[in-house]
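Engineer: The lines below spell out each chain.
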Amino acid sequence: MSLLPWIPHLTFAGALLSLAAGTRSATAARVTALGTALVGMVLVAIGAVNFAPTSGLQTLVDVPWIQEMGIRYHLAVDGISLTLVVLTSLAAVAGILFSWTVEERVGEFFALYLLLIGGVYGVFLSADVFLLFVFYEIAIVPKYFLIAGWGSTRREYGAMKLVLYSFAGSSLVLAGVLWTYGAGGADGFSLSALAEAATRLSHIETVVVFGLVFFGFATLAGLFPLHTWAPTGHVAAPTGASMLLAGVVMKLGAYGCLRVALPLFPDGFTAWQPVLGWLAVAGIVYAGLIALVQNDFKFVIGYSSVSHMGFVMLGLATGERAAVGGAVLQMFSHGVIAGLLFAVVGRMVYERTHTRDLTELQALPLHRLIPGAAGVFVIAGLASMGLPGFSGFPAELKILVGVWRVNVWWTVWAGLGVLVAGAFTLRVMQRAFFGQAGTDAAPVAESSSLAPLSLPEKTGAALLLGSTILIGLKPDLLLDWIMPALQSPAFHFAATKGGP
Amino acid sequence: MNAVPWLSLVVFLPWLGALLLWLWPKAPSGAVWTLSLAFSGSTLILGALALSCFDPSQSGYQFVERVPWIRTLGIDYHLGLDGMSLLLVLLTGIVAPLALIASLRRVARTRMLALLFLLLQGCALGVFLALDFFPWFIFWELSLVPAFFLIKVWGGPGAGRAAYTFVVITLAGSAGLLLAFAAIHGATGTMNFVDLARLRAEGELTLRLAEYGGTVPTLIFLGVLAGLAVKAPLFPFHAWMPPTYAEAPTGVTMFLTGVMSKMGVYGFFRILWPLFPGDLRDHSGPLLLLAMGGAILGALAALRQTDLKRMLAYSSLNHVSYCLVALFAAAGAVRGQIAAVEPALAGALVQAFNHGLSASALFFCVGVLEARGGGARGLNDFGGVRVAAPLLSLLCGVALFSSLGLPGLNGFVGEFLVFRGLFALSPWAAVAGTIALLATALFLLTFWQRVFHGSRSGVTAGAFADLDAGERAVLVPLVVLMVLLGVVPGLITGLINPLVTHWAASLPLS
Amino acid sequence: MNADYGELLRALLPEALLVATAFLIVSLDLVWGRGRSREGRLQMAVLMGALGVIAAGVVICQDGVLGFVWDGTLNFDRLAISVRVGVLVLTGLSLLGTLGGRGTDQPAEYVALVLLATIGFLQMAVARNLLMAFLGLELASLSLYVLAGYDRTRPESAEAALKYFLQGGVSAAMLLFGFSLLFGLTGSIEFGEIARALVAQPPTALGAVAIGLILAAFGFKVAVAPFHLWAPDVYQGAPTSSAALIASASKLAGVALFWRLLWSGLGPSSGGAGLGISGPGGWVTMVAAMASASLVLGNIVALVQSNFRRLLAYSAIGHAGGLGLGLLSAGEVGPGPMFYYAATYGLATVGAFGCIAVVERNGRCETLVDLAGLRRRSPLVAGCLAVFILSLAGIPPLAGFFGKFVVFAVALRIDGLGHPAGWVALLAIGMSAVALYYYLLVLKQVWVVEAEVESPSIAVPTMAAWALVATALALLFFGIFPSLLLGLF
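Line by line, the protein sequences give chains G, Y and B. For the numbering used here, count along the first sequence from 1 and bump the result up by 91. For the numbering used here, count along the second sequence from 1 and bump the result up by 1049. For the numbering used here, count along the third sequence from 1 and bump the result up by 50.
None of these hints come from the bench; they were simulated from the model. Every residue gets a Cβ at the ideal spot worked out from N, C-alpha and C, and that includes glycine. Only true hints are included.
Which chain B residues stay away from chain G? Per the calculated CB distances, all over 10 Å, these:
1) GLY56
2) ARG60
3) THR123
Chain G residues, not near chain Y, derived (Cβ > 10 Å throughout):
4) LEU108
5) SER116
6) GLU247
7) ARG291
8) PRO365
9) VAL384
DSS-like, lysine-lysine: derived pairs with alpha carbons at most 30 Å apart:
10) Y:LYS1075 <-> G:LYS549
11) G:LYS252 <-> B:LYS494
12) G:LYS565 <-> G:LYS549
Bound-form chain G, shown alone (with noise of 0.2 Å):
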């Protein structure tokens, strides 16, 4: 449990001699990168098993940093965070394994992408709001660099997209907290300190104040519509990095939701309610129709992780402890599935079709070709789709559950979501690799020379897999951590009625 504390800066260091190794030799910064990404892994699993949930935030660190603004270098972790700890360092692995064949300035690659992942450890295992703010922007600056350097389709200009939208999105927070600071005459920057200064602005102030944090940080989920960013960011990135981007960082911004607007602002959140609501489930339906005529096979990943962050941002509308429990666990669930996708798209079929077209990919029989990666593109695409047996499923019935008791239309149009999703990973997943299952075309000359998938690449899969498969089985591993966290007094959750 101590140990969590040392992973950012465990992680930045490692970053430090990716950039070093990657002057020797490529293999030797992949081999720095994976090193480092797994070391973390390894604390965040000894600190897993020793973690006793409870509601609040269990402090690991908390002594003093900046005193004249009674700043606090203060980390902290409950169920939530943990939960979003484990993610990171799958995805922080998985992702660099997925990366292994990247060839131009490897070492700066990974120092890049190891600073992400820092920056991505530290927002979640904060508790003071200027730490979380700090790591927070730390995390904006290797995007950019990641996604205009090694990135594909339009890179200079999705790169630019996501890092304005981004810092725009913090500078709303930014403000808002800082109104709250100064307003409120808050003694610090703690969560609890702000909570309280929050409770001493006028009405006005706090709806006001609310939106500005709160959409600040729905600007990073892709909230609805601050959304567009996303898939043109997305799909410009190279896939170590959408793998990312689409599995944790957009998280960043839902945690943000959860971590400081909702308990900061509760009358602010009554108020912008509705909003919020029709705006997630906008989101998901909009954003699953357009992957639905989409003819990239990346925009279509790149969509619908906009779709399902909206169940994410729905979930944490209803302000229902049900659904915010599965909002959390969703927040996990796609992490590992966008990982996934992403994967397949770039680093399988991309890298070794040279083509993300799927009127091109139709005619590949690309089932035979790379069996393999059909196979887990199946898999993911069913996790994708919601159905039970992958993590999805109890995440989507947890938000569901909650929803029904707030807005029967936000379910109704949810559950239209839900077919939308299913509709549009059936067409891609038909398109892309079963276009000519059924004839006996024979594959042509040139491209039966298809690469099996690699070591790394089977690595990394069965990582993803086999986690949404097990969350899948067994949610319980992670609510027990995610329910008794949302029991804690901050949230201000009305006590339930019926069922958990």
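Since chain G is already given, all that's left is putting chains Y and B on it; use the hints.
Structural biologist: Just chains Y and B now, kept in the frame of chain G:
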């Protein structure tokens, strides 16, 4: 006896077979056949074992396995067997291996096909045995995956589109199921069928669901209805059926019509009726209309088909609709009609079993014809098969007449019971049903006459071999059963009569 | 007047040292530098200058806070000491940056002028009456005008110097006029007395005019809109190290001077609550307006710049708005945040210009495109430049981030949105989001884009390399441990 998890074995042995096949990429064809048939056949063996130990007079579930699974959601791993599920397990045990044999003959990539088939079989068994929504829904949804691939990869030219439509429409229904059960879970904290049925009987469920207010309880009912209606199928949710049955390869269609359609019917009996008897009773009129419409439409549409497979597909719609007709009529029963409820319900179950047998046999016969005809399967492509292949004609003829409901064959029993109940419960439906019966007789006889009688023409004009060993292995057991159950129907009714009586006794009567 | 000249001399020992150094450099160069290479003369001059600066710095640190000196004419309080040290550091760094650059034909005179400007800055930091303030300001400004025009090989340099001089001259005139009006109104040139006199008086139109003129001069010095027009041309035209000095030390000293003038001297007219005039009548509103204008204008116009130096100029105008904000809140919380912001901003700017100087050695460094492929040509320079740019953009864990954060936080702390500073803070937050775009454009050229033509790698002179790395590390260090600077107050 109780220490061994028999029901889990039933469900997971086929999956174990699939796993072994997956782990053995280079399996030779002989090994594939042996392995897959062995694991597929395990169901029948275990089913027979269960039959011998089963006590039909006991209401409630036997061989129950119940372990807490996901504590935070109140979900258990819960399997149980009653008369209806035993019947369907036996049906699966009979149809599945035969369908497997039919599928494996003369195809490429037998290993993949066998693997997917075993997966599908396991899922179907899971649906029949699971008593908690979570595992039940896992099996329900998961069954779509192997079905999709089986249809698409080994099917005919339009298979891709048909498979896609099939899965999407089923998913739409499943979305409704999911939403409805999420609401139920929210109100009661459980999704277990047994517990919910008990809550309903105590009157608790209505109260809890009413807490949602407004139209939500009705929406919940409709959600569950939608999910099940798409699978059965209930008219007008049947649109996916004809193309799917027609395009799928023969063996797969046998399984689809024999077993998978029963999953939908089973759902109506296991879930919709025990949980929503009141809603079912209130809406029994329109639902009866729809089911009857399906029966009539199925028969009339079959009459118009020239593609034999499509004809049989519509015929399936017709036959399965009778099960639903019986259920809806029984659900809407008033106080004076108790005596009619029992035959209706018994008839529905018997019809389900018998249709499974006869429909699979018929599809197989068409498959044989298609194989002989190099892909042709039109009504007018054949003639005088009776002369060319007398054994085929005999066996196919029995199946045809069983489907028609000729007394002395098994098909008659079910239809007779259903109509006996129907005449008392809803006379107009019975009258309408007679029209359907008439139409059924018409197209089946047309089939019989055009294909088997007359002079040898079309495909039959050339070389037309009779059944070979493999084909006989599939057809003979089915036909023997049809005859046996026609003569000794008590074999089935003995299983289910106590159950049906119990159901009739617990009807909420207006 | 009980003048204690001994005390005065001791207090002004750093200035004396610098004067001596300046003369020494010029003399040595006359005697010794004839016939030596340009490079050698430059190194000698810079090293001597650096020694002088270090010596001055040591003296200041040893003396520490002296309080009022010479009957209240000079004020050696915490801010003064910190600013003096800060100015010396920045001067030293810009001198070292000179080593990395193209050099000049008269290095000794150049360094001497720099040291004279530094003396002016040191004076600005401690001035406590109007005359000393003007003296320091003019000494610095005159030196800077010459420094701006020092590069005789480029016409832009002369243009820059001329524009700077003309506008500077006008602003000096306005300042003087404002001072004279102030003297007329209050009868004293000492800040404390002026404040006391203003408290006793009702606000008059003449007073408003005086304040307006003073603010205009302030705006010019720190390059706040609408007095910023000289900045783009000067940043673009002046030799790199002169621009570095103008951008960093001059701003720091200017901000310190006007802080003292506006709060200690003109505090009652500020318009802040509880001090004489309350409400929008005071200069707080005017400064807030100027800061807002700077923020918007600087950041928006920077978006369309293709010349790197002009981009830095407009970014400087934007940052000047931030400095103005720091100034506003300094009335409530003291000068700590303002100092932190100005000092770290100065470091980042010196660093950025240092990088430009190094790149200029081997080619052009005017437009953004000239930076293309820098990561190949010199990873060291590219890395350091990235640190400086990111600090300017306000990305943690660099000092620029905390500077912005603390300035915004204390601004909102005054009275939330009830005080103009709160509104300016929100505007500044928005504008920093806008600013990231053009900063990323720079970094894109440096790290992502490949050069069009094969460019040779750049050899960085050792001293310059050390200076750049040290500055970058300092920004990181102060970013992670800002208490080191904030705690001085």
